[in-house]
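Peer 1: Here the structure of chain W is known, so what remains is to put chain V in place on it, guided by the hints.
One letter stands for each residue in the lines below.
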Amino acid sequence: MFKTAITEMFGVKYPIICGAMMWLCKPKMCAAVSNAGGIGNLTAANYETADEFRAAIRETRKLTDKPFFIAITLLPSMRITPEHHKMYVRICAEEKVDGIEFSGTPLDKVAGMEAVELLKNAGVRMFHKVGAVRHALHAQKIGFDGVYAAGIEEGGHPLNDDVTTMVLTRKMVSSLKIPVVSVGGIADGSGLAAALALGADGVMMASRFIATKECEVHDNIKQELIRRQEFDTVIYGKSIGLQGRGLKSKVLEEVLAIEARHGGFEELIPLLSGQKVKEAWETGDVDYAPLMVGQSIGLINDIPTCAELMERMAAEAKEHSARAAKLCGN
Amino acid sequence: MKTRITEMVGIKYPIVLSGMSWISTPKMVAAVSNAGGLGILATGPLNAEQTRESIREIRKLTDKPFGANASLMFPGAAENAKVLLQEKVPVINFALGKGDWIVKEAHKYGGKVFATVVNVKHAKRAQDFGTDAVIATGQEAAAHGEDVTSLVLIPHLAENLDIPVIAAGGFADGRGIAAALALGAEGVAMGTRLMTTKESPLHENFKKLTLEKDVYDTLFSKRFDGILCRVMKTDAAKHAIKNGLSWPAAFFNSQDIAKQMGVPYFKLFLGVLLSGYKNARQLAFMANAFKAIRVATENGDSKTGVLPVGQVQGLIHDQPTVAELFERIMKEAKSAQSKVNAALD
Numbered sequence: 001m002f003k004t005a006i007t008e009m010f011g012v013k014y015p016i017i018c019g020a021m022m023w024l025c026k027p028k029m030c031a032a033v034s035n036a037g038g039i040g041n042l043t044a045a046n047y048e049t050a051d052e053f054r055a056a057i058r059e060t061r062k063l064t065d066k067p068f069f070i071a072i073t074l075l076p077s078m079r080i081t082p083e084h085h086k087m088y089v090r091i092c093a094e095e096k097v098d099g100i101e102f103s104g105t106p107l108d109k110v111a112g113m114e115a116v117e118l119l120k121n122a123g124v125r126m127f128h129k130v131g132a133v134r135h136a137l138h139a140q141k142i143g144f145d146g147v148y149a150a151g152i153e154e155g156g157h158p159l160n161d162d163v164t165t166m167v168l169t170r171k172m173v174s175s176l177k178i179p180v181v182s183v184g185g186i187a188d189g190s191g192l193a194a195a196l197a198l199g200a201d202g203v204m205m206a207s208r209f210i211a212t213k214e215c216e217v218h219d220n221i222k223q224e225l226i227r228r229q230e231f232d233t234v235i236y237g238k239s240i241g242l243q244g245r246g247l248k249s250k251v252l253e254e255v256l257a258i259e260a261r262h263g264g265f266e267e268l269i270p271l272l273s274g275q276k277v278k279e280a281w282e283t284g285d286v287d288y289a290p291l292m293v294g295q296s297i298g299l300i301n302d303i304p305t306c307a308e309l310m311e312r313m314a315a316e317a318k319e320h321s322a323r324a325a326k327l328c329g330n
Numbered sequence: 331m332k333t334r335i336t337e338m339v340g341i342k343y344p345i346v347l348s349g350m351s352w353i354s355t356p357k358m359v360a361a362v363s364n365a366g367g368l369g370i371l372a373t374g375p376l377n378a379e380q381t382r383e384s385i386r387e388i389r390k391l392t393d394k395p396f397g398a399n400a401s402l403m404f405p406g407a408a409e410n411a412k413v414l415l416q417e418k419v420p421v422i423n424f425a426l427g428k429g430d431w432i433v434k435e436a437h438k439y440g441g442k443v444f445a446t447v448v449n450v451k452h453a454k455r456a457q458d459f460g461t462d463a464v465i466a467t468g469q470e471a472a473a474h475g476e477d478v479t480s481l482v483l484i485p486h487l488a489e490n491l492d493i494p495v496i497a498a499g500g501f502a503d504g505r506g507i508a509a510a511l512a513l514g515a516e517g518v519a520m521g522t523r524l525m526t527t528k529e530s531p532l533h534e535n536f537k538k539l540t541l542e543k544d545v546y547d548t549l550f551s552k553r554f555d556g557i558l559c560r561v562m563k564t565d566a567a568k569h570a571i572k573n574g575l576s577w578p579a580a581f582f583n584s585q586d587i588a589k590q591m592g593v594p595y596f597k598l599f600l601g602v603l604l605s606g607y608k609n610a611r612q613l614a615f616m617a618n619a620f621k622a623i624r625v626a627t628e629n630g631d632s633k634t635g636v637l638p639v640g641q642v643q644g645l646i647h648d649q650p651t652v653a654e655l656f657e658r659i660m661k662e663a664k665s666a667q668s669k670v671n672a673a674l675d
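Which chain is which? The protein sequence lines are W and V, in order. For the first sequence, position 19 (counting from the first letter as 1) is numbered 19 according to the working numbering, and the numbering increases by one without interruption. For the second sequence, position 260 (counting from the first letter as 1) is numbered 590 according to the working numbering, and the numbering increases by one without interruption.
Chain W on its own, in the form it takes in the complex:
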């Protein structure tokens, strides 16, 4: 059985957390991960009204009695405003959710220390996804319970410090008192064992969870993740100050071409719209919108259920650390 700061904090079987995924981390998927012994994710930005958001939390609770995380990205978008952010925080406190994965701007800068206090008093565990020690130290200072150390290999928006998970995890662990969870580049049990060896208390994965039976995404996408390799992702968006890593595709080629000729924000926006991503997940057209997956897709070879995946990862982690133990003479 696993015993880390994360399994202890949440009373879960595996220190494996599902990361935020817009349009995919909905109640069924979230509950599937939690029921399988990990920690599922319900991504707040899927919901625009307080009622919808609260209903989604309650629906998840009907599907599982295990802990799960809410993901709140504290970056304004066309659709999600700072008012939404405050609403999400308020409802999380009212519903006393188990934990929140924050990303983007620090919570106190967006909603003040009162938001931190509100969540703390409601018993909500707070984690921030960060790519640098300076950001992690801020989270620790304002009372967060842990951080996700997200390396450059992750899908989504890795910080432009460009530090890899391997190096970042080490740096975080030696600089912080609160638990560190590794994010980026992990899709199997050897990655989990490696993260623990680096001093992390768990791992967060997103891309790996897309290729599971329970993920509500078009089958083409799952098959594509099996087909594609670790070198099939690309960094884009450097020119607009928000870099992202996504699956190499026609649309990202177009984005990079616009960036190369110093095209403007206005030209890029239609290609990067979140609504198009939703359609791409549904229709299975990988060239229609940027699909934000990480280098770990090179390690994805099948479509298991969440339970099969996590049991296998646990067995692999044990196997790999037994092998490492033998080599170390432990």
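Think of the hints as simulated: they come from the structure by calculation, not from any bench. Check each hint, because a few of them may be wrong.
[As the list claims (entries may be wrong)] Each computed DMTMM-like pair below joins lysine to aspartate or glutamate, with the alpha-carbon atoms no more than 25 Å apart:
(1) W:Lys326 <-> V:Glu657
(2) W:Lys177 <-> V:Glu662
(3) W:Lys326 <-> V:Asp492
(4) V:Lys669 <-> W:Glu311
(5) V:Lys451 <-> W:Glu224
(6) V:Lys661 <-> V:Glu337
(7) W:Lys222 <-> V:Glu489
(8) V:Lys572 <-> W:Glu259
Only a predicted model underlies this, so the values are computations on that prediction, with no experimental measurement involved.
Peer 2: For chain V alone, coordinates are given in the frame of chain W:
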């Protein structure tokens, strides 16, 4: 510690010194081998005669196994590799080219050959022509690499190869070694960590800078020497990357190289010209990089010098001897690994 690498080569610790130009010199190679690791001589800046002298010097300084590298993209590398074979160097590490002929010849005298690779395809090809092990370079490594990071590359290689994998890029301490082993590697190669030891010939100015710089203080660009290369973020590096290739500078710097390597300039010049525009451009790029790296490592000139370093520079806080470092690392690895066991129990 016993792994397929320690057993294959006959070393105490599965730690390899990366072949770094002007740093992995005979003395440094011997220091690493004497401390129980595997020193690898950098032959990039050497001509055939200098290579032979260096090998003989190493043999005077240590009776332990050692290796030497051959970056097959550079002019003169094939000649150097032939010297390594004549001298029966125990381990030859080739990179940036096809080393099948090296494998064939080295195996005749019982030598071992390591291929430096950045992807599964090249690694499998190397395995197919008989290479004994691969050194897998993750994105975080110093100098040349590709986008894929160690955390993803190592398990993918370990799963797809029969020969052992040595992980390079991101390793500076025992936790890193424990992680590499968990990912399926059987050894690690260290450059940045070893260049900041007492025995390292790296100029004090840059040792000091390595201790000051953080994990994010590197630049990874094609505009330094023509292929993706990670260097320390300094004003000189920013300047070099902003300006890209300078042909006039390449003209002068290549004369320097010819002089240093004892090759008549017209011969080098003709050879480069005949190799086609793409290759000539690449070599011109490298001639300038060569100069910038040399003034950094040898002269410690941080105004014009550029030093290849890995992201792990941000994890380095002291300057131990190689022996002290290895002992500490192995102790840390054992303890990090036992913590994983405890978490899984």
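Peer 1: Assess, step by step, whether the Cα of Lys669 of chain V is no farther than 25 Å from the Cα of Glu311 of chain W, and give holds or violated.
Peer 2: At roughly 21 Å apart (the allowed maximum being 25 Å), Glu311 of chain W and Lys669 of chain V satisfy the hint.
Peer 1: Taking 25 Å as the top limit, are the C-alpha atoms of Lys326 of chain W and Glu657 of chain V close enough?
Peer 2: Cα-Cα ~18 Å, so holds.
Peer 1: Taking 25 Å as the top limit, are the C-alpha atoms of Lys222 of chain W and Glu489 of chain V close enough?
Peer 2: Holds - the C-alpha atoms of Glu489 of chain V and Lys222 of chain W are around 21 Å apart, at most 25 Å.
Peer 1: Are the Cα atoms of Lys326 of chain W and Asp492 of chain V separated by 25 Å or less?
Peer 2: holds, 19 Å
Peer 1: Does the structure keep Lys661 of chain V and Glu337 of chain V at a Cα separation of 25 Å or less?
Peer 2: holds, 20 Å
Peer 1: Are Lys572 of chain V and Glu259 of chain W close enough, with their CA atoms no more than 25 Å apart?
Peer 2: Cα-Cα ~17 Å, so holds.
Peer 1: Hey, Lys177 of chain W versus Glu662 of chain V, does the alpha-carbon distance stay inside 25 Å?
Peer 2: Roughly 19 Å separates the two Cα atoms, so the pair holds.
Peer 1: Are the Cα atoms of Lys451 of chain V and Glu224 of chain W separated by 25 Å or less?
Peer 2: holds, 19 Å
The earlier numbered hints are all upheld by this structure, with none contradicted.
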